[in-house]
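Q: Residues per chain are reported as follows:
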Amino acid sequence: MILQTDRKHDRTRRHERGSILVICMVLAAFGTIGVAAWLSLLDARGHQVEQNLTALKRRAHYNNGRALAHLAIYKNHLHVAEGVAADVVYEIPGGLGRATVRAYDGAPLRNQSSVRRSKIGAVPLRSFSTDVRVDLPDGAGDREWQFQLRSYNPVLAGDLLVMHPLADPEDTSPMISGNLAVKGRAVFWDAVVRDFTAGLRADEYHLPVDIAGQTSFATSAGGSTLPLNYPRPRQTTGFAGSTDPYRGGLDIVRSIDNSHNAYATRVQASGTFLELNGSTPYARGDGPDTEPPGPGNSDDSKIKQIDEVAASGTGHDSLYNRLLNAPRLSSDVMVHAVETPAAFHPGKLYEILDARHPLPIDVLTAVAGETTGGITEEERDALFRKSNVWIWSNGAGKIVVYLWSPNLQHLIMREVTELVLEGPDDPAVADSLSTESPVALLVDNPPGIGLDRVEFNEQNKRRIVLALSTASPASGDPDPNYSPDMVFTGSLPFPDWRMILDLQNTGAVFDTTAIAGATVVGGIRANRPLRVAAGRLTLEREFDTNELETLLSRNAWIESYLQ
Amino acid sequence: MNLRTDIGERRRAYTLVEALVASSLLLIGVSAAASMSLTLLTQEEINERSVKVFNYLDNAARLYQLGVPASDIEDILPVEPGVQALTTATGTTTVPLLGPVDVTTMTITYLASEALEKNQASELEWTGGDVEATRSESVSLIRADSYIPADLDSGSDSDSDSDSDSDP
Numbered sequence: 001m002i003l004q005t006d007r008k009h010d011r012t013r014r015h016e017r018g019s020i021l022v023i024c025m026v027l028a029a030f031g032t033i034g035v036a037a038w039l040s041l042l043d044a045r046g047h048q049v050e051q052n053l054t055a056l057k058r059r060a061h062y063n064n065g066r067a068l069a070h071l072a073i074y075k076n077h078l079h080v081a082e083g084v085a086a087d088v089v090y091e092i093p094g095g096l097g098r099a100t101v102r103a104y105d106g107a108p109l110r111n112q113s114s115v116r117r118s119k120i121g122a123v124p125l126r127s128f129s130t131d132v133r134v135d136l137p138d139g140a141g142d143r144e145w146q147f148q149l150r151s152y153n154p155v156l157a158g159d160l161l162v163m164h165p166l167a168d169p170e171d172t173s174p175m176i177s178g179n180l181a182v183k184g185r186a187v188f189w190d191a192v193v194r195d196f197t198a199g200l201r202a203d204e205y206h207l208p209v210d211i212a213g214q215t216s217f218a219t220s221a222g223g224s225t226l227p228l229n230y231p232r233p234r235q236t237t238g239f240a241g242s243t244d245p246y247r248g249g250l251d252i253v254r255s256i257d258n259s260h261n262a263y264a265t266r267v268q269a270s271g272t273f274l275e276l277n278g279s280t281p282y283a284r285g286d287g288p289d290t291e292p293p294g295p296g297n298s299d300d301s302k303i304k305q306i307d308e309v310a311a312s313g314t315g316h317d318s319l320y321n322r323l324l325n326a327p328r329l330s331s332d333v334m335v336h337a338v339e340t341p342a343a344f345h346p347g348k349l350y351e352i353l354d355a356r357h358p359l360p361i362d363v364l365t366a367v368a369g370e371t372t373g374g375i376t377e378e379e380r381d382a383l384f385r386k387s388n389v390w391i392w393s394n395g396a397g398k399i400v401v402y403l404w405s406p407n408l409q410h411l412i413m414r415e416v417t418e419l420v421l422e423g424p425d426d427p428a429v430a431d432s433l434s435t436e437s438p439v440a441l442l443v444d445n446p447p448g449i450g451l452d453r454v455e456f457n458e459q460n461k462r463r464i465v466l467a468l469s470t471a472s473p474a475s476g477d478p479d480p481n482y483s484p485d486m487v488f489t490g491s492l493p494f495p496d497w498r499m500i501l502d503l504q505n506t507g508a509v510f511d512t513t514a515i516a517g518a519t520v521v522g523g524i525r526a527n528r529p530l531r532v533a534a535g536r537l538t539l540e541r542e543f544d545t546n547e548l549e550t551l552l553s554r555n556a557w558i559e560s561y562l563q
Numbered sequence: 001m002n003l004r005t006d007i008g009e010r011r012r013a014y015t016l017v018e019a020l021v022a023s024s025l026l027l028i029g030v031s032a033a034a035s036m037s038l039t040l041l042t043q044e045e046i047n048e049r050s051v052k053v054f055n056y057l058d059n060a061a062r063l064y065q066l067g068v069p070a071s072d073i074e075d076i077l078p079v080e081p082g083v084q085a086l087t088t089a090t091g092t093t094t095v096p097l098l099g100p101v102d103v104t105t106m107t108i109t110y111l112a113s114e115a116l117e118k119n120q121a122s123e124l125e126w127t128g129g130d131v132e133a134t135r136s137e138s139v140s141l142i143r144a145d146s147y148i149p150a151d152l153d154s155g156s157d158s159d160s161d162s163d164s165d166s167d168p
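In order, the protein sequence lines correspond to chains A and B. In terms of our numbering, the first sequence opens at residue 1 and continues consecutively. In terms of our numbering, the second sequence opens at residue 1 and continues consecutively.
For reference, chain A alone in the conformation it holds in the complex (with noise of 0.2 Å):
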């Protein structure tokens, strides 16, 4: 009994022993498990946090490679002249970032096809776009990115008045001077302080982000503003000479390297134009190209008597007569006679000619040439009007353009040093030229011929781009005049004027005292500087922008988003 009860009790305490020793392992085993688990995850801890620097690399070589679509579309998509015929990858070495500009047709500052609004506010709400898709690589695989090539003429967007960088960094004289007033933005590519204290009034300022001085910015109502505080994105009219295409110059009347976006090339797409040089006397009205000899016109007898006449100094009633009740004459005969004046007394060879509406453009021609004074101005002014010229040049230099007529088309003028706007007196037959296609006119002065005087001369409410060009002359040539007097005239005071002027390596001396003030509706886009040298000059804005945005050179910029 005893043996039995010793032997239980020593079971017992051995198995007291092994349990102990179990839990002792258990416990050992969850803190072995624990001690690994707070291992493992601070392990992991480590490896996410070194795994942060290697995203952030990512991170920064997929913003480069945004960053490098934005320099490759700046220096070789967005100005020049046509598109992209296969995929282009651009790769910084060492795998620092990649973006690759996928295939696409047309150059965005000729795109026509398509417009969408702005989804930022520092550009025109409605633009051209040229949609270009960019892969940007991303670490994991490629992202793809929509950078619209975007285009529109700044004038037409709200930028009234727009200067360029002035042509001359060398001239120190105010961007603008005297009694202008801008119901709407200016805006300047680069500016000093003296360029808003020497007149000008807008009700937005956009300006350089480097402008250092204080100044005070007028509103067009007398008022105080504070300019614009957002910077202007970076911009192009397209190749501009050998100057860098995003530092504002100009190139957009007539271009070879920057075709695409100059108005020549826009008004030669459209069929309807007009080439004429200010240095030969032209004409053009609704009659026939000339009027040949026919059938009972005895031109050598008539020519013959012209000439005696004129030789002899007699029989000018004789002569008169004859031309005057001749049932038919020839444009050999009309224009001998214009060329002829001696043969004729004072008012006697307008009548003739009067009488025989309308005149042949071979005629009208001679009289648009005629210097000796055998029709006077006003006798030309009414044989025009009646022959409904729409536009002459005397030969020497001034052209005259008829914005009533019907005829007008687009106009390419060279050689021109003087020219005159007729808009009609009558405000019904102005406020019926409103709804009228828009018209361009260029003046594309080849080197050493300056514009002196434009005149303006009623009112106009035809929507016309006037577009002037002045040529730099070779090296050593003096100057021409790179700022010609644009003058406001006729019988209506406080005249509408619907225009666009761009003005290239131009400047303005405006005028208005004879109609007291002037208001151009559209806007005005220079590099010269602009001066109101008497009187007082509005912009307002053109909100019709149906065939004239299409017609007008652009500035062109970029939108991406990620799609």
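Note that these hints are calculated values from the structure, not bench results. Glycine residues also receive a C-beta, built at the ideal position from the N, C-alpha and C atoms. Be aware that a few hints might be false.
Derived EDC-like pairs (lysine to aspartate or glutamate); straight-line CA-CA distance at most 16 Å [claimed, not checked]: (1) A/Lys75 to B/Glu18; (2) A/Lys348 to A/Asp317; (3) B/Lys52 to A/Glu50.
Which residues of chain B face chain A? A few of them, derived with a C-beta cut under 8 Å, are [claimed, not checked]: (4) Thr42; (5) Glu44; (6) Glu45; (7) Ala61; (8) Gln65; (9) Thr93; (10) Val95; (11) Val101; (12) Arg135; (13) Glu137; (14) Val139; (15) Asp145.
Guided by the hints, dock chain B onto chain A, whose structure is given.
A: Frame of chain A; chain B shown alone:
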């Protein structure tokens, strides 16, 4: 019989040697755990510091790529006690089809294990590690100026010119 039974049932205690050995083992384990805990806590603090510094570098890089001048970035970002220096060095690399492109290397140097000053925005105190231990990391950046540059060099935009007629 009862006496024999009581004597026989008395349990045998652990010997002194057993207790000493067990205590030693326990002490070694506790010491190891304590040491490892401090090391792991320090490592975790290093991790946290690194995360903050990497975020700092991330923000600095983004600001730079957005067009902020490098010299202004440190003034814009909130103070991060771990950061010893943020430097930039700009070089040029040639990108095929594009030409020379400025590449800026932005380098951040930070104290990996202990801050020199307390971050007022944080309640954490650094508790371990070598004060002098630093680490540097770099990232290479390029950027495109998407706005009209201020230096058009037209001749009429110089600061001196602006200042000379600054008073209206």
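Q: Indicate, hint by hint, whether the structure satisfies it.
A: Hint check results:
no.: 1; hint: A/Lys75 to B/Glu18; in the structure: violated, 84 Å
no.: 2; hint: A/Lys348 to A/Asp317; in the structure: holds, 9 Å
no.: 3; hint: B/Lys52 to A/Glu50; in the structure: holds, 12 Å
no.: 4; hint: Thr42; in the structure: violated, 10 Å
no.: 5; hint: Glu44; in the structure: holds, 6 Å
no.: 6; hint: Glu45; in the structure: violated, 11 Å
no.: 7; hint: Ala61; in the structure: holds, 5 Å
no.: 8; hint: Gln65; in the structure: holds, 5 Å
no.: 9; hint: Thr93; in the structure: holds, 6 Å
no.: 10; hint: Val95; in the structure: holds, 6 Å
no.: 11; hint: Val101; in the structure: holds, 6 Å
no.: 12; hint: Arg135; in the structure: violated, 10 Å
no.: 13; hint: Glu137; in the structure: holds, 6 Å
no.: 14; hint: Val139; in the structure: holds, 5 Å
no.: 15; hint: Asp145; in the structure: holds, 7 Å
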